[in-house]
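Given the sequences, and given the hints that come with them, work out the whole structure.
For the record, the sequence lines run as chains A and B.
Taking numbering that gives the first Met the number 0, the leading residue of the first sequence gets 0, the next gets one more, and so forth.
Taking numbering that gives the first Met the number 0, the leading residue of the second sequence gets 0, the next gets one more, and so forth.
Watch out, some of these pointers could steer you wrong.
Note that the list lumps identical chains together, so a pair holds whenever it fits in one copy or between two copies.
Below, simulated EDC-like cross-link-like pairs (lysine to aspartate or glutamate); rule was C-alpha separation at most 20 Å, straight line [to be verified]: (1) K177 to E92; (2) K136 to E117; (3) K134 to E110; (4) K125 to E140; (5) K170 to E80; (6) K170 to D155; (7) K96 to D154; (8) K153 to E169; (9) K156 to E80; (10) K170 to D154; (11) K170 to D91; (12) K156 to E169; (13) K56 to D91; (14) K121 to E140; (15) K133 to E10; (16) K96 to E169; (17) K125 to E187; (18) K13 to E2; (19) K40 to E2.
These are calculated hints, taken from the structure and not from any lab test.
Number of protein chains: 2
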Amino acid sequence: MLEKRFEMVKEHHKKTFEDAAINGKMDPQLVSLCRFIASTKQFFTSSSCSGRIVLLKVNAEESKQESAFHRKWHSTVSADEVWNALEEKTKDELWLKQEPLILHIGAESIEGAKKILEIMRKCGIKRGGIMVAKKGKFLLEIVGTQRMSLPVKKDDKILISRGHLEFVVEKANRKLEKNYGTLGKFEEACRKKLS
Amino acid sequence: MLEKRFEMVKEHHKKTFEDAAINGKMDPQLVSLCRFIASTKQFFTSSSCSGRIVLLKVNAEESKQESAFHRKWHSTVSADEVWNALEEKTKDELWLKQEPLILHIGAESIEGAKKILEIMRKCGIKRGGIMVAKKGKFLLEIVGTQRMSLPVKKDDKILISRGHLEFVVEKANRKLEKNYGTLGKFEEACRKKLS
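Next comes the structure, spelled out in structure tokens:
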């Protein structure tokens, strides 16, 4: 019965993933990892992010709004691209953020979940854990540590100097590359240790 | 036997906490929560942080160095204080960071660990989970989401403009207050739900 339930949940997430991959709605750096995990018997992935650089619109409470991206890059970006995006007319407060990978992985058993924790630590990922622990359904969240976040525009006025932005974008790019390196290591370890 | 081991671990962490509290080495906002958790039968805390604003020295790999704080505040801070600290002669790259609460909580059983996860979610804390799952020893990490991070100085040159820094510090303060509000809620819920 429990096994049946896990299979159904796994099947559901596998379908969601395949649809997203076919329709190009998937972070490209995640497709290969998610496809491998979908091919295992005891694991699945749900909504995940490979890491990115974004210009985010924030409201007064600094919480994310619906579709609040001014721009979103799943790759390194040039300071020119960011600056041009900042120069567009806007009314919201904008924050420049480099966000780390966030992976959601489901496991059938606590032993499986512990295997993921072990892989995570071996790859140098320090943040993450089991968030849901039910018989037949263990959900993990794994979060990278490379990140940056700062306000850059308010009331259609750019707050950051061009020189400072160039330095910030250079650092964000380096952090994002490091983050993708970690993601690559994680996939490699999963392919070795999971089946 | 397992029960005995948990008791010993709990006793060890309780002593570490009491020593830190007596010697003023404890984030003041954490003392009351940690003392309450130490008073329960099934839970303990280990190294935790209430959230803070820091000027951090980073090396080429952007990893934290040993005692790499240029400054550290466990409270809101004025833009003047930060600016003055930036004007001191330095050779390292400096980052201004507002970091969220990070709590490490140990539980004797998975049921206890799940209770902590439930409290966490009720308080609006979205990040965290069970990081170690052994019979008789479950370790959770709970991480707040309010944060900010940016490079502000390099080669003894301040990169951020005074006006931008004022805005950034105002935001960092508001985020830190929100973080402490969440910490307060978490303590209140622990007092209600744990024993």
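Verification of the hints:
{"no.": "1", "hint": "K177 to E92", "result": "between (28 Å within a copy, 19 Å between copies)"}
{"no.": "2", "hint": "K136 to E117", "result": "both (18 Å within a copy, 16 Å between copies)"}
{"no.": "3", "hint": "K134 to E110", "result": "both (12 Å within a copy, 12 Å between copies)"}
{"no.": "4", "hint": "K125 to E140", "result": "both (11 Å within a copy, 10 Å between copies)"}
{"no.": "5", "hint": "K170 to E80", "result": "within (15 Å within a copy, 25 Å between copies)"}
{"no.": "6", "hint": "K170 to D155", "result": "between (25 Å within a copy, 18 Å between copies)"}
{"no.": "7", "hint": "K96 to D154", "result": "within (19 Å within a copy, 24 Å between copies)"}
{"no.": "8", "hint": "K153 to E169", "result": "between (22 Å within a copy, 13 Å between copies)"}
{"no.": "9", "hint": "K156 to E80", "result": "within (17 Å within a copy, 25 Å between copies)"}
{"no.": "10", "hint": "K170 to D154", "result": "between (26 Å within a copy, 15 Å between copies)"}
{"no.": "11", "hint": "K170 to D91", "result": "between (25 Å within a copy, 15 Å between copies)"}
{"no.": "12", "hint": "K156 to E169", "result": "between (22 Å within a copy, 17 Å between copies)"}
{"no.": "13", "hint": "K56 to D91", "result": "within (6 Å within a copy, 32 Å between copies)"}
{"no.": "14", "hint": "K121 to E140", "result": "both (16 Å within a copy, 18 Å between copies)"}
{"no.": "15", "hint": "K133 to E10", "result": "within (18 Å within a copy, 29 Å between copies)"}
{"no.": "16", "hint": "K96 to E169", "result": "both (13 Å within a copy, 18 Å between copies)"}
{"no.": "17", "hint": "K125 to E187", "result": "within (17 Å within a copy, 28 Å between copies)"}
{"no.": "18", "hint": "K13 to E2", "result": "within (16 Å within a copy, 41 Å between copies)"}
{"no.": "19", "hint": "K40 to E2", "result": "within (11 Å within a copy, 35 Å between copies)"}
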